[in-house]
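Given the coordinates of chain A, work out where chain B should sit on it, guided by the hints.
2 protein chains.
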Amino acid sequence: MDEITRKGPAHRKAQPGYRWDGVELRPYKEDERALFRSITRQVLFSDPDMHGELRYFDVAPGGFSTLERHEHMHAVVILRGHGQCLVGHEVKEIAPHDLVTVPPWTWHQFRAAADAPLGFLCLVNAARDKPQLPTEADLAELKAQPQVAEFLRGMSE
Amino acid sequence: MDEITRKGPAHRKAQPGYRWDGVELRPYKEDERALFRSITRQVLFSDPDMHGELRYFDVAPGGFSTLERHEHMHAVVILRGHGQCLVGHEVKEIAPHDLVTVPPWTWHQFRAAADAPLGFLCLVNAARDKPQLPTEADLAELKAQPQVAEFLRGMSE
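Sequence lines, in order, name chains A and B.
For our numbering, count along the first sequence from 1 and bump the result up by 1340.
For our numbering, count along the second sequence from 1 and bump the result up by 1340.
Just chain A, same shape as in the assembly (with noise of 0.2 Å):
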């Protein structure tokens, strides 16, 4: 008997390869830039009752998420892999189990490893605005320091 139906069960087991039972896999927001790559998203809380949504993002080796700002923040915390990501114009390694904070209006993208995936979880208010693309201008401001023109290698080229 699963007496819990308004909300779907209340358990759903993890299945290998980081997918969960009843979690559709979702195609990563297209843009006709390149500027994200070999990512998949599964929301695996959003409720009418919560005010915070809780998504995977899986990212393949080599691959990387969209760089973007907006006013809602971020909350991630790490769950397998390794990579970097960028958060204003600091690059940080990431391993399982690392808390990154993304401040509201700050720049930022994970990538993963060239030879490891990078798997994560992100907290977002169900309530928040369309994230901001860079313009050339703001990509030249953020590559004219060495260490996130490093970072950003690859990407819009």
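A pair counts as met if it fits within one copy or between any two copies, since identical chains are not told apart.
Once the Cα atoms are required to be at most 27 Å apart in a straight line, the calculated DSSO-like pairs of lysine-lysine come out as:
(1) Lys1470 / Lys1483
(2) Lys1432 / Lys1353
(3) Lys1353 / Lys1483
(4) Lys1432 / Lys1483
(5) Lys1470 / Lys1432
Calculated directly from the structure, the hints in this document are not laboratory data.
Chain B in isolation, oriented as in the chain A frame:
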């Protein structure tokens, strides 16, 4: 240079034993009826600009969280170890990366196995009500189901 100072560091490295840089290990709330055992709490993300909070709970082998209910929901991702959870009148085995949804006003408890810890992330609304503890009548009603009675062994005895 750490350009992000308003929110604290953007990146907090995971430490051995499911601890994090700059995250306080908090004693679990106290209760005179021993409704919980051997559990610690770490608040990983809590920010005025976020409508959700993410906490990490670690339950030692044989330990358990408080049996309680409240209006706000829980969204749980198991991170390590294994055990069981009670949600309503359902008892489920839980293992890493399983998802558990606790709907509003639903009795719930998380228990580590006798031989393993249980660590999990728990997402809640930042603005939320206080939990209700079970009355003796609530406990009797829950224990009327043999599977729930077996699950609740060792509590309030």
